[in-house]
Amino acid sequence: MNKLARWGLTMPATIAVVLLLVIPVVLTIATTFGEAGGPFSTYTAFFKSGFRMAVLYRTLQIALITTGIALVVGFITAYVIAQMPGRLKSIMIVAAVFPLLTGVVVRSFAWLIILGKNGIINNVLMSVGLIGEPLSMLYTQGSVIVAMVYLFVPLMILTLVGVLEGIPRDLIEAAASLGARPIPTFLQVILPLAAPGLIVGAVLVFTGSFTSYATPQLLGGEKQMMMGTFLYQRAMVTFDWVGASTIAAIMVVITIGVVLIMSRMARRLNPMAV
Amino acid sequence: MAMRIHPLLGAFAILVFFFLLAPLVIIVGSAVSDTTFLTFPPQGLTLRWFANIFQMEAFRRTAITSLQVALLGTGLSLLIGIPAAYALNRYRVELPRWLSTLFVLPILVPEIVFGFALLKSITIGLGLPVFISLVVGHALLILPYSVRVVGASLASFDFSIEEAARSLGCPPLKTFMTVVLPNIRAGVIAAFILAFITSINDVSVSVFLTGPGISTLPIQILAHMEQFFDPTIASVSVLLMLVTVGVMAIVEATLGLTFLTK
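Here the protein sequences come in this chain order: A and B.
The opening position of the first sequence corresponds to residue 1 in our numbering, with each subsequent residue numbered one higher.
The opening position of the second sequence corresponds to residue 1 in our numbering, with each subsequent residue numbered one higher.
Treat the hints as calculated values from the structure; they're not laboratory data.
Wrong hints could be hidden among the right ones.
Claimed, not checked - Just so you have them, the derived chain B footprint on chain A, three or more residues with Cβ under 8 Å:
| id | stretch |
| --- | --- |
| 1 | 20 to 31 |
| 2 | 65 to 79 |
| 3 | 102 to 111 |
Stated by the list, open to error - Quick partial rundown of chain A residues pointing at chain B, CB under 10 Å, derived from the structure:
| id | residue |
| --- | --- |
| 4 | 5 |
| 5 | 16 |
| 6 | 98 |
| 7 | 119 |
| 8 | 178 |
| 9 | 182 |
| 10 | 187 |
| 11 | 244 |
We put the CB at the ideal spot given by N, CA and C, even for glycine.
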């Protein structure tokens with residue numbers, strides 16, 4: 001009875017995930033190995049093509065830069081939030097959650113208004129007289145990165161506030177009472193204790209930006225194509241489904257690889273787990 | 001932990017919050033601008049762009065589709081997610097560990113890959129109608145929220161209460177509905193909200209699953225933006241932000257907003 005119950009209860013969700021996610025994704029990846037030129041021909045074609053490799057490099061680069069900036073900005077902000085008294089802290093958390101709950105399209109769109117030819121930055125710079133002609137800031141790597149940082153900083157803040165609040169106050173006071181100055185306290189006490197949280201945040205931001213679609217589509221256009229927009233273009237514009245599946249397979253391998261390696265590292269780095 | 005903060009750090013945090021909130025203020029400002037192009041600060045003040053949304057059939061239709069998909073998808077994901085979360089907690093020792101990994105796969109696999117795979121195998125392969133594909137796609141995409149968030153609630157639930165009810169002769173389903181469910185109410189509400197928000201804002205999966213006559217609101221916004229650059233999009237964005245405000249009010253009323261950092 002019990003055995004029946006526990007399998008029966010998990011069965012619908014299990015079937016749904018296997019049938020609608022695992023099998024479709026595996027089949028999609030499997031089609032890439034059935035090409036006439038040999039099982040790996042689409043991959044060698046991908047890695048030999050300068051254009052496709054440029055997309056992959058660009059995607060990795062944007063994702064890494066975004067993750068780096070989000071780590072620094074998110075950590076400092078989360079650190080300040082964690083020190084705040086109750087009421088102010090809740091207000092700051094609400095201010096961080098609000099953008100997070102607002103859709104990706106809306107948040108990317110804001111940057112079109114800010115960075116566009118008739119955008120706020122150009123208007124301000126022109127009226128001050130710093131520039132004579134509007135700068136073209138859209139469809140550059142910079143515009144994609146700014147919007148991505150904007151997208152992911154709240155996620156980083158929320159991940160880290162919880163982690164920093166979990167650090168026992170006694171530890172920091174103990175370090176201080178033993179004569180440690182703020183910077184060594186930070187480097188030797190706070191940072192190691194926050195390391196697992198930083199890794200979790202970094203993984204979330206990296207995989208999120210590596211696989212993003214809407215932001216590079218709106219702010220990067222054709223010029224700054226990333227893996228997500230490339231996949232869409234191959235699948236729905238040129239109808240090259242094998243090519244799209246190849247991109248899909250590379251994306252799956254990289255994201256799952258990063259998640260596995262980093263979560264193992266987070267477990268090893270956790271000084272609280274003995 | 002609580003310590004005094006260096007003024008430089010404080011100033012930095014204020015700048016970050018400005019960076020986070022200013023773009024949203026800019027959207028609101030350009031939505032009420034009395035110009036045919038997007039600009040900030042607004043020139044003149046008008047609500048005609050809001051009226052314009054309701055006159056555009058495409059926005060009305062896709063907004064309804066988005067709501068339907070979000071409600072059905074969230075309902076479906078809770079319907080299969082709650083029993084799974086229950087079993088994972090109740091029979092933690094007996095069930096294999098890969099099972100809980102399986103339920104977070106929809107987060108692990110890149111959304112855009114999932115959308116493409118669904119299009120290939122379900123919509124085209126099995127010939128399922130686009131609307132059904134959208135609902136099951138979204139239900140699956142948000143399943144991890146149902147399982148994990150409800151599961152977190154169940155982790156602190158004392159299963160001996162349930163056993164007490166059972167040993168007094170209460171049938172299993174009734175026990176679940178009257179004893180277990182009221183105790184994990186907060187988790188179910190939180191899962192519902194997170195799932196609903198994720199679904200209504202989704203782009204990466206939906207972008208593949210739109211067909212003739214069927215599209216979701218975010219996809220419609222993207223399509224509109226490629227052709228026009230007028231304040232209509234800003235006013236749609238404001239309406240979507242109001243939905244977020246509403247959701248946050250619900251969270252605050254039922255769980256308290258600090259819930260979100262846990």
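Here is what the structure says about each hint:
1. Coverage of the stretch 20 to 31 of chain A by chain B holds in this model, with 8 residues showing a Cβ closer than 8 Å to a Cβ of that chain against a need of three.
2. Under a criterion of three residues with beta carbons nearer than 8 Å to beta carbons of chain B, the stated coverage of the stretch 65 to 79 of chain A is upheld, 4 such residues being counted.
3. Counting residues of the stretch 102 to 111 of chain A whose CB lies closer than 8 Å to any CB of chain B gives 9, which reaches the minimum of 3, so the coverage claim holds.
4. Given hint, residue 5 (chain A) at the interface with chain B, holds; its Cβ is 7 Å from that chain's nearest Cβ, closer than 10 Å.
5. Here the hint on residue 16 (chain A) is kept, as its CB sits about 6 Å from the closest CB of chain B, short of 10 Å.
6. This hint holds: residue 98 (chain A) has a C-beta 7 Å from the nearest C-beta of chain B, less than the 10 Å allowed.
7. Because the smallest distance between the Cβ of residue 119 (chain A) and any Cβ of chain B comes to about 8 Å, under 10 Å, the interface hint for this residue holds.
8. The restraint placing residue 178 (chain A) at the interface with chain B is violated, with a minimum CB-CB distance near 15 Å, outside the 10 Å limit.
9. About 8 Å separates the beta-carbon of residue 182 (chain A) from the nearest beta-carbon of chain B, less than 10 Å, and the hint is met.
10. Because the smallest distance between the Cβ of residue 187 (chain A) and any Cβ of chain B comes to about 15 Å, over 10 Å, the interface hint for this residue is violated.
11. Given hint, residue 244 (chain A) at the interface with chain B, holds; its Cβ is 6 Å from that chain's nearest Cβ, closer than 10 Å.
Violated hints, in rising order: 8 and 10; the structure is consistent with all others.
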